[in-house]
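Asks: Let the sequences and hints guide you as you build the complete structure.
Residue numbers (this note's numbering), protein chains in the order written: chain A, 1 to 114; chain B, 1 to 548; chain C, 1 to 340; chain D, 1 to 238.
Treat each hint with caution, since some may be false.
[Claimed, not checked] Using C-beta positions, here's what the derived DEER-type ranges look like:
| # | chain 1 | residue 1 | chain 2 | residue 2 | range |
| --- | --- | --- | --- | --- | --- |
| 1 | D | G154 | A | V33 | 23 to 29 Å |
| 2 | C | L72 | B | S48 | 40 to 46 Å |
| 3 | A | F78 | B | L31 | 51 to 57 Å |
| 4 | B | L73 | A | F75 | 43 to 49 Å |
| 5 | D | G154 | B | V134 | 30 to 36 Å |
Keep in mind the hints are simulated off the structure, nothing from the lab.
Quantities reported herein were computed from a predicted structural model and do not represent experimental measurements.
All C-beta atoms in this analysis are idealised placements derived from N, C-alpha and C, irrespective of residue type, glycine included.
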Amino acid sequence: MKHHVVPRKHYYLVFLALLCLTGTTVAANFVDVGGLNLLIALCIAFTKASLVVLIFMNVRFSSPLTKLFVAAGLFWLFTLILLTFSDYVSRGWIPTPQPWQESPNRNVDNPALH
Amino acid sequence: MSTVPVAPPPPPRTAAPVNYLSVSHSVRSWLLTADHKRIAILFLVSISFFFVLGGFAATLVRLELVTPRGDLLSDDGYNKAFTAHGIVMIFFFLIPSIPATLGNFLLPIMIGARDLAFPKVNLLSWYIFMIGGVIALSAMFLGGVDTGWTFYTPYSSTYSNQWVSLTVIGLFLAGFSSILTGLNFIVTVHTMRAPGMTWHRLPLFVWAAYATSLIQVLATPVVAITLLLVAVERTLRIGFFDPALGGDPVLFQHLFWFYSHPAVYIMILPGMGVINELVTCFSRKRIFGYEAIAAAHVALAVLGFFVWGHHMFVSGQSIYAGMVFSILTFAVAIPSAIKVFNWTATMFRGSISYDTPMLYTFGFIGLFTIGGLTGLPLASLGADVHFSDTYFVVAHFHYIMVGGMVLAYLGGLHFWWPKMTGRLYPEGWAKFAALVVFVGFNLTFFPQFLLGYLGMPRRYHAYPEEFQVLHVLSSAGASILAVGFIIPVVYFLWSLRSGPPAPANPWGAKGLEWEATASPPVTENFADTPVVTEPAYNYASEREPEIV
Amino acid sequence: MKWFPTVASEWALQWEYHNLYLHFWIAFFTVVIFLGVFWFAVKYRRRSEDEQPRPILGSNIAEIVWTLVPLLIAMSMFAWGAALYFEYASPPENAIEVYITGKQWMWYAQHPEGQREINELHVPVGRPIKLTMTSEDVIHSFFVPVFRLKRDVIPGRYTTIWFTATKAGRYHLFCAEYCGAQHSRMGGWVYVMEPAAYEEWLSGGAAGSMAAQGEKLFAQFGCASCHLSGQQGRCPNLTNVFGNRVELSGGATVVADATYIRESILNPAAKVVAGFQNIMPSFQGQVSEQNLLQLIAFIRSLSSAGSLGVPAGEAGGIGQRPPATPARVDRRTQGRPRQP
Amino acid sequence: MSDADTLSHSLPAASAVEEEPSHPAYRHQFDDMAQQFEASHLGMWVFLITEIMFFGGLFGGYTIYRSLYHEAFADTSQYMNIVLGAFNTSVLIASSLTMALAVHAAQTGLQKPLVRFLLATMALGSVFLVIKYFEYSEKFHHHHFPGPNFHYEGPWARQAEILFSFYFVMTGMHALHMVVGIGLLSYLVWKASKRVFDATYYTPVEMIGLYWHFVDIVWIFLFPLLYLIGPHHMGGHS
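Replies: Here's what the structure looks like:
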């Protein structure tokens, strides 16, 4: 059968790496770095997922076709999220969508706002 | 195309006395079959049943609209009728129609395989489809659904007091049937092609089925989970889409159309695949621009994913997102245009016969052209403001779905009927029926373009009197169309019993299903695995091909 | 039987030109394909059974031509359509504002002067009208064919549409988004009137301006006891809040627009002004969308007087001109103004 | 390059073609076992892609609401039990390891370790579900299950309900996949104990292994997205 047998040592190493990354992502969460928290958490999650896909699921040694399908799946997932998200991000950019909207008048000293 | 025939086609096998139909006759042998051809027949019978049901609902809708006052059905009854029409026709007829019947039957034979990669999964697909169908139908008979096939929230999730959850579960299952069929096709095309059947020699029907399968696999799960969320929201009063619970109803539209726009290509792409086969056979010509058409099939499948927002130009979507979706929608028109031009060019200097399948092909090219072009006003951000949710939209997609897809399906059914059943159908009646369908179709749906332009909104039970003339015309056309659909049912049933036996290749067509197996094919399709040595559609193979 | 719908707004005329352009190409390509199919089918019909026409594989030039030419035409359609749509989405500053609420299966309209209508909308010829719309229940769609205009009306949000009517008359108003059993009955009439007739209609039988009605509600719901007491004690004073930036607890700022006011009434805890505790009860379920619009109109009237140089008597009424460069507010990024 | 080596390595598989069709697992529609394996492998991956898109719809909805209600989600996630979540993540990762080792054992024809690793995977999967059960019951106890009985102290009750809705649907779907996975594993154990798998045929082990790893990956994303929104403070709400 065409199959690449990965040495067991690799599996153990990946397991340790995954555990470390889990610890890192939890630890990172207790440090407030604003918007970067999400980015860090997602980067770690992607690293972990890549390790599982490449080593545990053996995609590293699979045919190009399998790799293409994995890539296609991710690509479509991002399309779904990105294009939907683009609507929500840009909704507020519409020239004058809000009723009664007026420009903030910075010259008025408004006690309610201070 | 550099491939030039290097050897004559393999000689036709002698017809085996036992074919896939005569191998056994018990009901059990049909219900437990793993033969892709038998499963195709199971699907054919099932979707014909659903087509009749959907047609009945359409009849109610058209009858109601003869008068403007809304006096035949109650408003609720009318809403249930058009919802039933939409759900049954889309999920239980159009989406499985060509892939699950003609595709199931032909795809393995066309690529020289003994069966699909996973025959049991194929049978499972039919059972899931039937269970889904029974659940959706039981919802309709228990009281019906009145949400429209689009299930827009929060109406479907909060306000409708009908059988929404049950219907949604039925559609969820039907979706998985569709996924399994697509999965099977993708794997089969990748791994089971006969020796010599390279990607450049695949019949374009297979390319179309492959592109369709990609959409089925990638898009269907999203609508499945979305409909599930609607059911959960209804049942547990959890807020995903209901603004009263903090949700956003427009998010539902995004997720819904992420599937349901590509689903339009699930419906039309296989029809285009059929037309490729028909236009070459009855022009006795190699297809014009094989690579361009194959690429256009895949381009349509891929680009079709990025245009869903054009259903939401007036729904409060950001105008910037609207612009992206609009420009991509115009781009997606191009692969369709390429195909129409190539089909027309295939007829150039051909030897064109007027057999029934070719009549349907003429009809398809013409009506698909109109249907496709009238999509442009809907893709234009400005023009869509008036046209969206009017009868213009209704007319546009019926030109694609009925004028395109159903005509291609009928054309394909006539073309491969001798192969599937081993019987010929009466040519004269068939030509007459094709003509009736064409006339009835145009009379039904052309007035609807005018209605839309005049501002008649869709899904209206009662309407202002000035629209009545066009509605009456449309309903009259629908009755002619119904006759056009009934005639083939009659002569096909007659042909099953009394039609003259069909030879292996009655049309003189090219392709493994005609040249390498009998009519009807044997259980494992071929006596020996065929070896392919020539490109697809190698008509007039002894003459030197030219490149214009 | 009319074959061409009335053109009754400036945008409708623009729309007709655009539509004509689109349908010119539709007709052109339909004729090309029909003639091509018909001509080939007749000219190259099979004359004998053993005909073997010479194979033609294709033509790269033809493929390029019939890819690029339709692409260019499609892009021209896109550009025109997008330009038109931009206009549709950008109401002019001097528009008369009318407020629409959709509800299964009725349309309510409120004019700032106080007139209220059901399934009817009266507007004058020749003045831009801006409709601000929301829904009490499901999604509806406000559709006037003679104006060639349509926009979905969504619960929980405000959407807008605008037009300048050009022809007096009585025209259909439809709901175009399926909304339940009596969807097809959810319609009425738009009355486009000559300015004089409109002024006359406007002055008849109003029960106080929207802002005045809002003021009554303000007292009735007990808002006034806290929000207008003048002291900055427990609640923010609402004078001069509308249209200005509000600093929230947590550091973010938001422009106090209608959406923000609406949210603060229904879900007071969501965005609390800096320096205050949230002690306000939610009015979810107690106040209708129409009342919300009146309350917002009142709060707005507290703000614009003086600060924008608009005479106090006209606050909330016609002719209140927003400044020349309205701020682009992105609610999602918490109020950072964006320049176009 | 080792990749290229592996691929070229696989070519001699054709030599086995002559004898393999007599294998009990051989299906008639295939030419040989190699083709059969290739089809199963591709089929499994295509199926996993549909699973990606299935969860993708949920992740898409989650992304939108998280961006709309960022602060509310951050506040609500304080109620997620981060200790149990992290522990469960480790349990799942360990189960992925044992699954990979089970496939390895099958590839190298080791019968007893195969059964043992499969059982270990099942056990770890069950531990995950038990812990999940305790998490769920804690949420029920605090009326954090969305619906009529939902109760949430704090300014963002409605937004919190949305997060809890996503929490329950996403982890519920994930748990359902785990249950299915454990069922499939018990089938494998039954087959493996009858010594069906060896170095020439272990397709079901490999396929179910892929499925199990996929379920693991879903959790790898669910954990940070549901439990770790916004910086946690030691000893938060729960």
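Asks: So, for every hint listed, does it hold in this structure?
Replies: Verification of the supplied hints:
1. D:G154 with A:V33: 23 to 29 Å: Since the Cβ atoms of G154 (chain D) and V33 (chain A) sit about 24 Å apart, the hinted range of 23 to 29 Å holds.
2. C:L72 with B:S48: 40 to 46 Å: 44 Å, holds
3. A:F78 with B:L31: 51 to 57 Å: 43 Å, violated
4. B:L73 with A:F75: 43 to 49 Å: Taking Cβ atoms as reference, L73 (chain B) and F75 (chain A) lie about 46 Å apart, which means the hint holds.
5. D:G154 with B:V134: 30 to 36 Å: 46 Å, violated
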